[in-house]
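Assemble the complex: chain A is given as a structure, and chain B must be docked to it using the hints.
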Amino acid sequence: MTATIEADRPSLLLRVTQSRRVQSLTILGLFVVIFLVFAIARPDAFLSQTNIEGIGLSASQVLILGAGVTFLLIAGGLDLSVGAIIVFSAVVAAKIMAAASAGLEGADRMGWPLWGPVLIGALAGIAAGALWGIFNGTVIVRTGIPPFIATLASMTVILGLAQVWTDGLNVSGAPSELQTAFGLGRMFGIIPWPIVIAAIVVAVLWVVLANTRFGLRLYAIGANPESARRAGINVGRYTVGVYALVGALAGLVAVIDVARFTTATVNGYSAVALNVITAVVIGGTSLWGGRGGMGGTVVGSLIPATLTSGFVILGLQPFWQNVAVGIVLLLAVSVDQYRRRKLSAS
Amino acid sequence: MRNTAFAVTGLAVAALVLAGCSATSAAGPADGGGDDQLKIVMLLNDQFDPYYLTLVTGAEAKAEELGVDFSWQAPTTLDVASQTQLLQSVAATKPDGIIMSALDADAMIAPMKEVMNSGIPIVTVDADVNDESARLGTVKSDGKVGGQQAAEFVDELLGGQGTVGYVGYIPGIQSVDVRLEGWTEQLEEYPGITNAGDEYAGADVSENVAKTSALLSREPGLNAIFASWTNAAIGAAQGVQQAGRDVAVIGFDAAPDQVDLLERGQIAALMVQKPYDMGGIAVEELVGYVRDGKKPKSETLLDAVVATKENMGDPEVSKYFYTTPDKK
Numbered sequence: 000m001t002a003t004i005e006a007d008r009p010s011l012l013l014r015v016t017q018s019r020r021v022q023s024l025t026i027l028g029l030f031v032v033i034f035l036v037f038a039i040a041r042p043d044a045f046l047s048q049t050n051i052e053g054i055g056l057s058a059s060q061v062l063i064l065g066a067g068v069t070f071l072l073i074a075g076g077l078d079l080s081v082g083a084i085i086v087f088s089a090v091v092a093a094k095i096m097a098a099a100s101a102g103l104e105g106a107d108r109m110g111w112p113l114w115g116p117v118l119i120g121a122l123a124g125i126a127a128g129a130l131w132g133i134f135n136g137t138v139i140v141r142t143g144i145p146p147f148i149a150t151l152a153s154m155t156v157i158l159g160l161a162q163v164w165t166d167g168l169n170v171s172g173a174p175s176e177l178q179t180a181f182g183l184g185r186m187f188g189i190i191p192w193p194i195v196i197a198a199i200v201v202a203v204l205w206v207v208l209a210n211t212r213f214g215l216r217l218y219a220i221g222a223n224p225e226s227a228r229r230a231g232i233n234v235g236r237y238t239v240g241v242y243a244l245v246g247a248l249a250g251l252v253a254v255i256d257v258a259r260f261t262t263a264t265v266n267g268y269s270a271v272a273l274n275v276i277t278a279v280v281i282g283g284t285s286l287w288g289g290r291g292g293m294g295g296t297v298v299g300s301l302i303p304a305t306l307t308s309g310f311v312i313l314g315l316q317p318f319w320q321n322v323a324v325g326i327v328l329l330l331a332v333s334v335d336q337y338r339r340r341k342l343s344a345s
Numbered sequence: 000m001r002n003t004a005f006a007v008t009g010l011a012v013a014a015l016v017l018a019g020c021s022a023t024s025a026a027g028p029a030d031g032g033g034d035d036q037l038k039i040v041m042l043l044n045d046q047f048d049p050y051y052l053t054l055v056t057g058a059e060a061k062a063e064e065l066g067v068d069f070s071w072q073a074p075t076t077l078d079v080a081s082q083t084q085l086l087q088s089v090a091a092t093k094p095d096g097i098i099m100s101a102l103d104a105d106a107m108i109a110p111m112k113e114v115m116n117s118g119i120p121i122v123t124v125d126a127d128v129n130d131e132s133a134r135l136g137t138v139k140s141d142g143k144v145g146g147q148q149a150a151e152f153v154d155e156l157l158g159g160q161g162t163v164g165y166v167g168y169i170p171g172i173q174s175v176d177v178r179l180e181g182w183t184e185q186l187e188e189y190p191g192i193t194n195a196g197d198e199y200a201g202a203d204v205s206e207n208v209a210k211t212s213a214l215l216s217r218e219p220g221l222n223a224i225f226a227s228w229t230n231a232a233i234g235a236a237q238g239v240q241q242a243g244r245d246v247a248v249i250g251f252d253a254a255p256d257q258v259d260l261l262e263r264g265q266i267a268a269l270m271v272q273k274p275y276d277m278g279g280i281a282v283e284e285l286v287g288y289v290r291d292g293k294k295p296k297s298e299t300l301l302d303a304v305v306a307t308k309e310n311m312g313d314p315e316v317s318k319y320f321y322t323t324p325d326k327k
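Chains as they are written, first to last, in numbering that gives the first Met the number 0: chain A, 0 to 345; chain B, 0 to 327.
One chain only, chain A, in its complex shape (with noise of 0.2 Å):
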């Protein structure tokens, strides 16, 4: 970002290579390439509406927490407890609702008093999710412990809790009205909701972090906290806000969980914060902050999905899919790394 303040004119090569929307058009252009090799092998199945939209769902859940984990690298931040707080705020979401909805009877099962235990569920399930993002934040700040091995430490305690809360079971008993409406629903008839709720997430988190104060701030902060705060950016408190927003975005994609499943699992998600990192990272955003951007991640965190469904409808063998994923993610790391050398060199 910086690299434009310079004294002689660095090279045409130089310029380009150092681009992020270059980096960007590299993974989209990969995107494109594996989508239409699907297409083109299986159009019926690939390009039916199913499976788009199953592509659209389980990329959705990932392009959610993308968004958020977007800001948080960019401000050189970094969160492994994404999955213990979704299983933390399905769990807080799940048992509200359950509770709440299990006297209900025939005619009592609709309108206020079904809706209302649920909205505070769900609303529930998202500050929870927020509370873990501050109390991340916040030790991070306060302590100066390395955020790998702070929310390390807190993805345990965290999942720690919602398995002694839970006794470690899958919080069945929230509403199947609410799979009905919302988790099998779709928008007009039309598009499946998580979907939407991705794109709405994605749209503004995307305007704010390019077009505002707060998302220039970011890039500062990740570049160089020590001179983002001789220029009066509370790095801090821009810090512990970045952890509340992923914190909340664990907690909504619980909330869709919990709508689309009507149980809360508390098994699984122990790979969601790599993937979402993983996804974020082939998108171009750089691991060691001050760079990135959410169009990459938009097509970072459908890359993965696309590769399951297609590797799925071709019929090869499963494995092979980590692979491709493995493989598209050195290529973007060093790419990044590439950009670095180079800009450190001139």
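Be a bit skeptical, because a hint or two may be false.
[Unchecked claim] Derived lysine-lysine pairs resembling DSBU-like cross-links, with alpha carbons at most 30 Å apart:
hint : chain 1 : residue 1 : chain 2 : residue 2
1    : B       : K112      : B       : K294
2    : A       : K94       : B       : K93
3    : B       : K308      : B       : K38
4    : B       : K143      : B       : K308
5    : B       : K308      : B       : K93
6    : B       : K293      : B       : K273
7    : B       : K308      : A       : K94
8    : A       : K94       : B       : K112
9    : B       : K273      : B       : K112
Treat the hints as calculated values from the structure; they're not laboratory data.
Just chain B, lined up with the frame of chain A:
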């Protein structure tokens, strides 16, 4: 000074957490017991899974009936190293018998043999090792028969004509792998049924949904899916609903949320194992061996109960649905 304060706080927290753990389990770690009383310890792979909880409940009930002291221990992480360490620590307390479920059929042979040689008999439940001499006996579900039962059910449901698929855990867990084996073999008996192949996913429900959706896209004529464990069944049911397709989901196991889905008609049938019986038989075998020197059968296999919406009210079926702590 400050370091000491930290250490003390850390210890206090650890103690609290430990206390919390044992308080949540009715069958917490043993509180000593008389020295003359037989002591049996069970190594649990997952202290939270309804299946294992039911196994513990069955073992506990039998232990009480036979007047032996029963307790359990669980590793913090599910890998061979932790299980080995846990086995060695438990063996060091000199119990009269150990019940365990091997996390790896080969890797656990050596540590188990060592314990057997030190004079402590081991009975494996649920998952066995590939060496008969590493344990006294084994009591497990015949997962292969369970898979065959699923195929039989599907054949009957579809009247012998149709296309079916499979969604299950990534290969490598023997108890799940044999279900697939039984399912695949039995399907070959039915010429009218086409096997559209197998899809694997990890533990996440959403991953199972994604695989199911892709499978449904690939196979427009699919009639039924066998989902070989809890989260796969929840995911497959969701995937089918999401696609709005008329595809029967046949699940394995009977955790409370699966029973819910069965009741709501989103799952057509569940192949229910008998962990309660499994725990009881294992205790019986160990007590019989230690008290009377009676060597149990090397392998005791239990079949599955086929639960459907129609028969789920029958107590002979519903008694096999898995326990949760609040029902214990």
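Verification of the hints:
1. B/K112 x B/K294: holds (17 Å)
2. A/K94 x B/K93: violated (42 Å)
3. B/K308 x B/K38: violated (41 Å)
4. B/K143 x B/K308: holds (23 Å)
5. B/K308 x B/K93: Roughly 47 Å separates the two Cα atoms, so the pair is violated.
6. B/K293 x B/K273: Given that 30 Å is the threshold and the Cα spacing comes to 24 Å, the pair holds.
7. B/K308 x A/K94: holds (26 Å)
8. A/K94 x B/K112: With Cα atoms ~45 Å apart, A/K94 and B/K112 exceed 30 Å; violated.
9. B/K273 x B/K112: With a Cα-Cα distance of about 27 Å, the restraint between B/K273 and B/K112 holds, given a limit of 30 Å.
Consistency note: the structure conflicts with the earlier hints numbered 2, 3, 5, 8.
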